[in-house]
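Novice: Between the sequences and the hints, there should be enough to build the whole structure, so can you do that?
As given, the protein sequences belong to chains A and B, one line each in that order. Heads up: the first sequence at position 2 corresponds to 2 in our numbering, and the numbers run straight through without jumps. Heads up: the second sequence at position 315 corresponds to 315 in our numbering, and the numbers run straight through without jumps.
Simulated from the structure, these hints should not be mistaken for lab results. Positions of the beta carbon are idealized from the N, C-alpha and C atoms, including for glycine. Some hints could be false.
Computed cross-link-like contacts, SDA-like style, restricted to lysine to any residue with a CA-CA straight-line distance of at most 20 Å [to be verified]:
(1) Lys394(B) - Gly12(A)
(2) Lys144(B) - Arg46(B)
(3) Lys394(B) - Val55(A)
(4) Lys394(B) - Arg9(A)
Reference excerpt, derived from the structure (chain A facing chain B, CB under 10 Å, subset only) [what the hints assert, rightly or not]:
(5) Val4
(6) Asn8
(7) Gln15
(8) Leu17
(9) Ala19
(10) Arg29
(11) Ala31
(12) Leu32
(13) Ser37
(14) Ala41
(15) Glu47
(16) His51
(17) Val55
(18) Arg56
(19) Thr59
(20) Pro62
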Amino acid sequence: MKVVVDLNRCQGYAQCLYAAPHHFALHGREALVYDPSPDEAARAEIERAVHACPVRAITAYPDDTAAGEVA
Amino acid sequence: MTAQPERIVVIGASLAGLAAAQRLRERGFSGALTLVGDEPHPPYDRPPLSKQVLRGLYSADTTLPRPPGLRAEFRLGRPATRLDLSERTVALGDGSCLPYDRLLIATGTRARPWPDPEEAVLDGVFTLRGRDDAQRLGACLQAKPRRVVLVGGGFIGFEVASTCRDLDIPVTLLVRDAVPLAAALGARLGGLIGEVARERGVDLRLESEIERMEAENGRLVAVTLKDGERIETDCLVAAIGTLRNVEWLAGSGVQADAKGLRCDAFCRVLREDGRVAEGVFAAGDVARWPNPHDDDALVAVEHWGNARAQAETAAVNMLAGDASAMRRHDHLPDFWSQQFGLTIKLVGLADGADSFAVMHGALEERRLVAAFGKDGRTIAAASIDSARWLPAYKAAIRERAPFPLIADAVDQPRLLVQEP
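Specialist: Shown next as C-alpha cells:
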C-alpha cells in the first residue's frame, strides 16, 4: 500500500498507533512517523487507522504500480 | 477560455501535480490527462526524506498514494524544455511535443548547489532534495561517517542534524546568521531550537561559514572555516536553499525569474506584458502569487500544504470556464518540522513580525503556542508540541485580528508582548 499523512492536519491524537501499531509511531510527544509503503497484508490495519484519525489526515490506497495510469 | 478542455498537461509529477490531477478527476474532467516529470519516479513525498528515510525507519519508498480512478498518463524521466504559448504546446527532452488546452506548471525547485563546482562534486559532499539524494546520503549515514558537517541554518539542516544525532553520528551545523531559523520563526523560537540542538549534542556554530574543503583522491577529508578552524569530516551536506526550476520557460513570454513564475490570484500565469497567458496555470514551489493575507504582497511558498492547496485551486479554475467562476487562491501558509523529538508548526508567515507573545505554555517548558503581530495585527502563530491549539489561531490570522488577541485575562495575567 501507499500511505501519506497530512502532518499540517495531524494533531497527535495517536489513534493510528492503536489501529496499526507496526506502521505508525510517535517520536516525542507528537512527532508522527509512519510507514509510507506498508505491505499489502497490513491493509485492514491501515484502513482502520485511516478511519480512526479524528482530523482525517491519513490517505492510503492499495499498492499497484499501474494505479491510476492510462492502460 | 470558455470551451471545456479536452487535453490537460501537468508539468511536474510531484505532490502538486498529483493533487491537481486528482482534483481534476474529482471535478469530472474526463479528457486526456498527462503528467510530465524530469525524475524517473512517480510522484513521491519529500518531507520524510530528511527524517525517517535517512534514519532507515520503515520503507524508503515514499511514493504518494494514487487513487485507482486517476486515469493519467505519466511521462517520467524527461524534462519539459520549451513552452510555446501561441501553438499551445510543451516540448519535452525526448523530442516529443505535447499539445494542451490547459497547462499546469508545477516544476518546483531544486537544491541550490554548492557554489564551488570542484568542491561540489567531491565524494562525501551532498545536497538533499529528491529521493535519489536521500538514498545516497542515507547510505553514507548508515556507514557511520566520522563526522557530518551541515551547512545552512534552515529546517533541512536542523532536521538532518537531528537524524544524525538519532544515529549517534557526531555533527557540526554551520549557520551563517547569528540566530538560526529566525526568518521563519523569529529569533526567540529560532534561538530555542538552537539551544535544543546543542543539548542533543549538535556542535552548532553560528555566524560560521566554510572557507574551503580539503580532499584526498576526490574524497572530502576536512573543511576549513572562515575563522581558520579545521574540521575533519567525510560527509558534508549543503542545505543552503533552493533554486526555482524556471529556466525552461526562458523566451516563452511568461514572467519567470529567480523569484518564481508570476501568477495572479487565480493561479493563472502572467505574460511579460502583464496579460494572462490563456489556459496556463501554476502551483507549488515555483509559483509566485499575491498573498491576500499580506496585502497581496507577492510570495512564493515552498511548503507541502501550499503545493497541495494551490494545485487544487488551479485545477478547479482550469475547469471554471471564465474568471467570474474562478476561485481565489487564499491558502494560509502553514508548515511543520520534526526535529529532536519536537514538533514545530506554523500558520501564517512570521517573517516581518514586530511583536511576539507566548499564549499557552512557556519557552522554558519547550511546549507552547506563540502568536506573532505586525503593526498591531495578528499575522502568524507557532506551536511547539502543542499542535492541538494551533488551528484556533487560523481565523484570527485570516481576519488580521488585533494583536495581542487578549491581555490581562484571568488565565494569562502576565501576557508579555516582546520582540519576536
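Novice: So, for every hint listed, does it hold in this structure?
Specialist: Outcome of the hint check:
1. Restraint check for lysine 394(B) and glycine 12(A): satisfied, since their Cα atoms lie roughly 18 Å apart, inside the 20 Å limit.
2. Only pairs whose Cα atoms come within 20 Å are accepted, and lysine 144(B) paired with arginine 46(B) is rejected, the gap being roughly 23 Å.
3. Among the hinted pairs, lysine 394(B) with valine 55(A) is consistent with the structure: their alpha-carbon atoms are about 16 Å apart, no more than 20 Å.
4. Distance hint between lysine 394(B) and arginine 9(A) is fulfilled; the C-alpha atoms sit about 13 Å from each other, no more than 20 Å.
5. This hint holds: valine 4(A) has a C-beta 5 Å from the nearest C-beta of chain B, less than the 10 Å allowed.
6. Taking 10 Å as the C-beta contact cut-off toward chain B, the hint placing asparagine 8(A) at the interface holds, the least distance being around 5 Å.
7. Annotation: interface hint on glutamine 15(A) violated; nearest CB of chain B at approximately 13 Å, more than 10 Å.
8. The criterion of a C-beta within 10 Å of any C-beta in chain B is not met by leucine 17(A), whose closest approach is roughly 14 Å, and the hint is violated.
9. The criterion of a C-beta within 10 Å of any C-beta in chain B is not met by alanine 19(A), whose closest approach is roughly 16 Å, and the hint is violated.
10. Hint status for arginine 29(A) relative to chain B: holds, with the closest Cβ pair at about 5 Å, below 10 Å.
11. Of the supplied interface hints, the one on alanine 31(A) holds, with its beta-carbon coming within about 4 Å of a beta-carbon of chain B, less than 10 Å.
12. Checking leucine 32(A) against chain B: minimum C-beta separation of about 8 Å stays under 10 Å; hint holds.
13. A distance limit of 10 Å between C-beta atoms decides the matter here; for serine 37(A) the minimum to chain B is near 4 Å, and the interface restraint holds.
14. This hint is violated: alanine 41(A) has a C-beta 14 Å from the nearest C-beta of chain B, more than the 10 Å allowed.
15. Because the smallest distance between the Cβ of glutamate 47(A) and any Cβ of chain B comes to about 12 Å, over 10 Å, the interface hint for this residue is violated.
16. Against a cut-off of 10 Å between C-beta atoms, the interface hint on histidine 51(A) is violated, since the closest Cβ of chain B lies about 15 Å away.
17. Interface hint at valine 55(A): satisfied, since its Cβ lies 9 Å from the closest Cβ of chain B, which is below the 10 Å cut-off.
18. The beta carbon of arginine 56(A) is not positioned within 10 Å of any beta carbon in chain B (closest approach about 13 Å), and the interface hint is therefore violated.
19. For threonine 59(A), the interface hint holds, the least distance from its beta-carbon to any beta-carbon of chain B being 5 Å, beneath 10 Å.
20. The beta carbon of proline 62(A) is positioned within 10 Å of a beta carbon in chain B (closest approach about 8 Å), and the interface hint is therefore held.
Hint check: violations occur at hints 2, 7, 8, 9, 14, 15, 16 and 18; the rest are consistent with the structure.
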